[in-house]
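K.L.:
Sequence:
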Amino acid sequence: MAIAPTRSREIQLFDPPPDAVYTIEATSHLVNVSRRTILVYCKHRLLFPATATRDHGYYFDGDGIRALRRIEALRTVCGDDLAGIKIILDLTAALERLQSDVRLLSRTTAIRSAKEKAGASTIRPRRRNMESNPRRK
100 MAIAPTRSRE IQLFDPPPDA VYTIEATSHL VNVSRRTILV YCKHRLLFPA TATRDHGYYF
160 DGDGIRALRR IEALRTVCGD DLAGIKIILD LTAALERLQS DVRLLSRTTA IRSAKEKAGA
220 STIRPRRRNM ESNPRRK
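Residues 100 to 236 (this note's numbering) are what the sequence shown spells out, left to right.
Honestly, the hints are just simulated from the structure, not real lab data.
Check the hints yourself; a few may be wrong.
Unchecked claim - Here are the simulated lysine to aspartate or glutamate pairs, DMTMM-like style, with alpha carbons at most 20 Å apart:
{"#": "1", "residue 1": "K142", "residue 2": "E195"}
{"#": "2", "residue 1": "K142", "residue 2": "E124"}
{"#": "3", "residue 1": "K142", "residue 2": "D118"}
{"#": "4", "residue 1": "K185", "residue 2": "E171"}
{"#": "5", "residue 1": "K185", "residue 2": "D162"}
{"#": "6", "residue 1": "K142", "residue 2": "D200"}
{"#": "7", "residue 1": "K185", "residue 2": "E195"}
{"#": "8", "residue 1": "K142", "residue 2": "D154"}
{"#": "9", "residue 1": "K142", "residue 2": "D114"}
{"#": "10", "residue 1": "K214", "residue 2": "E195"}
{"#": "11", "residue 1": "K142", "residue 2": "D179"}
All chains should be built: construct the whole structure from the sequences, respecting the hints.
P.N.:
In structure tokens, the structure reads:
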């Protein structure tokens, strides 16, 4: 007896479009974090708004919303240790940069070795005549 596939009943997180920008109030509702908490994160340089103007307040883009979700996830583990969360975020960013560099170097190396293999198969080394080599006499 086969089991019919069912659709997942998990709640999907809202993934903002890349060009969307949200006010601090809208961001607060999307991530379910208080406005004051968002301002504290900005003060401690855990979160950076896409734009901040004196008259119109803070605005956050998709990257800011994802960063806010990451901070909240770390906060469940680390508690209110904002300095510890900052260190973890900095180390994570450094690790992601290093992984990107390794991927780029791997691609470059693969391309270079493929070119060398292609060149080696078409060009044959020249054989030396043993009679022309003065050491062999």
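K.L.:
State for each hint whether it applies.
P.N.:
Going through the hints against the structure:
1. The straight-line distance between the Cα atoms of K142 and E195 is roughly 24 Å, outside the 20 Å bound, and the hint therefore fails.
2. Only pairs whose Cα atoms come within 20 Å are accepted, and K142 paired with E124 is accepted, the gap being roughly 17 Å.
3. A distance of roughly 25 Å separates the Cα atoms of K142 and D118; the hinted pair therefore is violated under the 20 Å criterion.
4. Only pairs whose Cα atoms come within 20 Å are accepted, and K185 paired with E171 is accepted, the gap being roughly 12 Å.
5. Distance check on the hinted pair: K185 and D162 sit about 16 Å apart at the alpha-carbon level, within 20 Å; holds.
6. For a cut-off of 20 Å, the pair hint linking K142 to D200 is broken: about 31 Å separates their Cα positions.
7. Of the pairs offered as hints, the one joining K185 and E195 holds, with about 15 Å between alpha carbons and a cut-off of 20 Å not exceeded.
8. Taken as a hint, the K142 and D154 pair is honoured in the structure, with Cα atoms around 18 Å apart against an allowance of 20 Å.
9. The suggested pairing of K142 with D114 is violated, with an alpha-carbon distance near 25 Å, which exceeds 20 Å.
10. Using a Cα cut-off of 20 Å, the hinted pair K214 and E195 is violated, with the two alpha carbons roughly 29 Å apart.
11. Among the hinted pairs, K142 with D179 is consistent with the structure: their alpha-carbon atoms are about 14 Å apart, no more than 20 Å.
The structure fails hints 1, 3, 6, 9 and 10 (numbered hints given earlier, in ascending order).
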